[in-house]
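Let the hints inform the model, and build the full structure from the sequences given.
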Amino acid sequence: MADESETANLVAPKPGGGRNPLQWAKFGLSEESGSLNQQTTKGEAQELFDEEEKNSGETRKPWWKSNFFITEPVLFGTWDGVFTACMMNIFGVVLFLRTGWMVGNAGIGLSIVIVFMTISMALLPILSAIGVTERCHMEHGGLYFLLSHALGGRVGGSVGFLFVFGQAVVCSLYCTGFGESFAEAVGWNNEWAVRGIAIVTLLVLLGINLAGVKWVIKVQLLLVGCLGISLVDFIIGTFVKTDYAAGVVGYSVENFRNNTGPDYIPGQDFFTVFGVFFPTATGVMAGVNMSGDLKTPNRSIPIGSLSAIGVSTVLYVLFVLLLGAVCTRAGLQDDFMIAEKVSGVGVLWLLGLYISSLSSCLSGLYGAPRVLQCICNENVIPVIKVLGRGRGPNKEPFLAILVCGFISFSFLFVGQLNLLAPIVTINFMLTYAMVDYAYFAVGMSYDMHLKRKEKYEGNGDKKETESLLSHVIDKGKKETDEKSATNGMGPKYGTLEEPKTGSLIDTSEPKTVEKVLTKDQMADELTSSALEKDVDKKGEDAEKGKVKTGDRDDKDPPRTFHYEIYKMPSSWYSFLCNRWVSLIGAIASFVIMFAIQWGYALANIAVYILLYVYIGQANPGVYPGLTDFSLIQWIKTTFQSLCRRGPPPPEQYVVTPMFVPTKMETEQLNEDSEDYQGRGRYHQSTIMKGEEYDQFE
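Mapping the sequence shown onto full-length UniProt numbering, position 254 (from 1) lands on 254, and the numbers just tick up by one.
Hint data in this document are derived by calculation from the structure and do not stem from the laboratory.
Keep in mind it's a predicted model, so treat the numbers as computed, not measured.
Keep in mind that a hint or two might mislead.
To be verified - Result set (DMTMM-like, lysine to aspartate or glutamate): computed pairs, CA atoms no more than 25 Å apart in a straight line:
#: 1; residue 1: LYS451; residue 2: GLU564
#: 2; residue 1: LYS636; residue 2: GLU651
#: 3; residue 1: LYS636; residue 2: GLU454
#: 4; residue 1: LYS241; residue 2: GLU191
#: 5; residue 1: LYS455; residue 2: GLU651
#: 6; residue 1: LYS567; residue 2: GLU665
#: 7; residue 1: LYS241; residue 2: ASP335
#: 8; residue 1: LYS295; residue 2: GLU454
#: 9; residue 1: LYS453; residue 2: GLU184
#: 10; residue 1: LYS567; residue 2: ASP675
#: 11; residue 1: LYS567; residue 2: ASP628
#: 12; residue 1: LYS451; residue 2: GLU651
#: 13; residue 1: LYS636; residue 2: ASP447
#: 14; residue 1: LYS455; residue 2: ASP335
#: 15; residue 1: LYS295; residue 2: GLU564
#: 16; residue 1: LYS451; residue 2: ASP628
#: 17; residue 1: LYS453; residue 2: GLU564
#: 18; residue 1: LYS455; residue 2: ASP628
#: 19; residue 1: LYS453; residue 2: GLU651
Okay, structure coming up:
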């Protein structure tokens, strides 16, 4: 009865007679749903589920308008990812609080030298990193993956761990600078007040990083705009503001001349001043560290990083010239906040200082945990493997963030910016030296591979055809002879037939390492060949692109791919990536590292050696790296060639002996029987059916 009543309700009589149509909406169905597939526009390509989105009223929103609490991975581009992260790291607290102090001690001339030395020491590693990413495959893991992929897991794990430690100390430095400036602005002349403000700041930034990567990028985009306002306020203030009591006298040729030369206060020299100012360049690797969150790392990292370095260099030099032109020597040496008195509106300058401190610390807390997460996931250091856990679509490294935050929290109790800066400088000098050496080793290994190929594989075809297996290798000629002899009836007994296209093993071409690519390398090749396309479109092409390799058919099954070193692709920045310049940069980094503070330098090298030995013992099967270049062997060979007068001795090596080619013929031992002369000269088999058994009984 219940079914009959429901049917009566569904099919109700109309007032004028007849019956209403069935109410399909009660069953979750609708007559309009059947027409969804008919609402297509002729001549236009439509996206998957485009019609359903139009009918449901849902529209695709850009990532910056979507919900903060993400449910799917978010990838960024050149300007909203790499450029923003690098700029917010480079414009740190040191630029705002120590540029005037640097000019007061080193003078305008040597301050500009320090700026260019700092930029050069940061530019060479980023160019080396770009060279490695262009010539090798790049994945998530940032600096660790770059070093471990090129030099091996032992080197990558050791340097990567030191880099994470340095980034954590940088966060302490930025928070200390923030606390120092804020305490002075409100009149709290107490070290514990500085530490308390720094601790609260660090906890807030840790919360933002734990919330997810989208929060980090959104906050950075907002901070970049505020930072630009404070810089404009400082430049305008040099023209309109004077404060003779504080040492701000306005533009003066005599004042500029007096500030040109150095005048160090007791306990300072050129290298100590350089060590304090160098942390301004520690943010150049921010784009490399976020490689796992980029759409096209091979394009975004070079353009974004180099653009950020170029803009920063101009602003650094501008800061030095303006402060040296409008401030007295005494004011520059004694007042760390002299730039605030130069700016037109001091509040805006303080806003820029606070923003630079917060954003630099935010980026440091973003990059370092991701490097640590990759080290743990690779199980390079088994003791800390648990720190590789991630959560959410982007695999946020929440445990690694907490560890980095704890390290930063510990160094907050130092409480002085000038004490933290040399620690950071030494650590990053060692890291940058290894990045420079990595590109040098990649370039030298590539040349070694080419020489081996020319020497050992140049006449490979000729040697093969002269061997005993020439009748097997020379398939083309053999197949032609067989077909001509049998008039197209197929191969005879004893011949080898080449597998058809689409078979399990494709022997149509030699498996050389140059022709073996990964899926991501195919995407990177396609991406680099279309630089003029839009970033979003380019990211989709990189994921969906296909590149033919040799004569392979698209229907071939996937092969086992290998990573290899490739030739540097041509681009507007490729000429800047030079292996010899990278080697000089690595040597210079070691020299400057010991010149700044030899005690810290020895401590970092000792920790690196201990980690290198431990990784070799705890994980002996770690990835050895792409490069097979040995620096010691290269120095030894180069020294011997310089001391030798004549040509180098020929290289001797053991080869498999080659037998003299002989003509082989088959000889039949028994005579042919006329009874089986119609049977072919090979083994045959037939399927026996049940009704055929009777003839054998």
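Which constraints among the numbered hints does this structure fail? Numbers only, ascending.
4, 6, 8, 9, 10, 14
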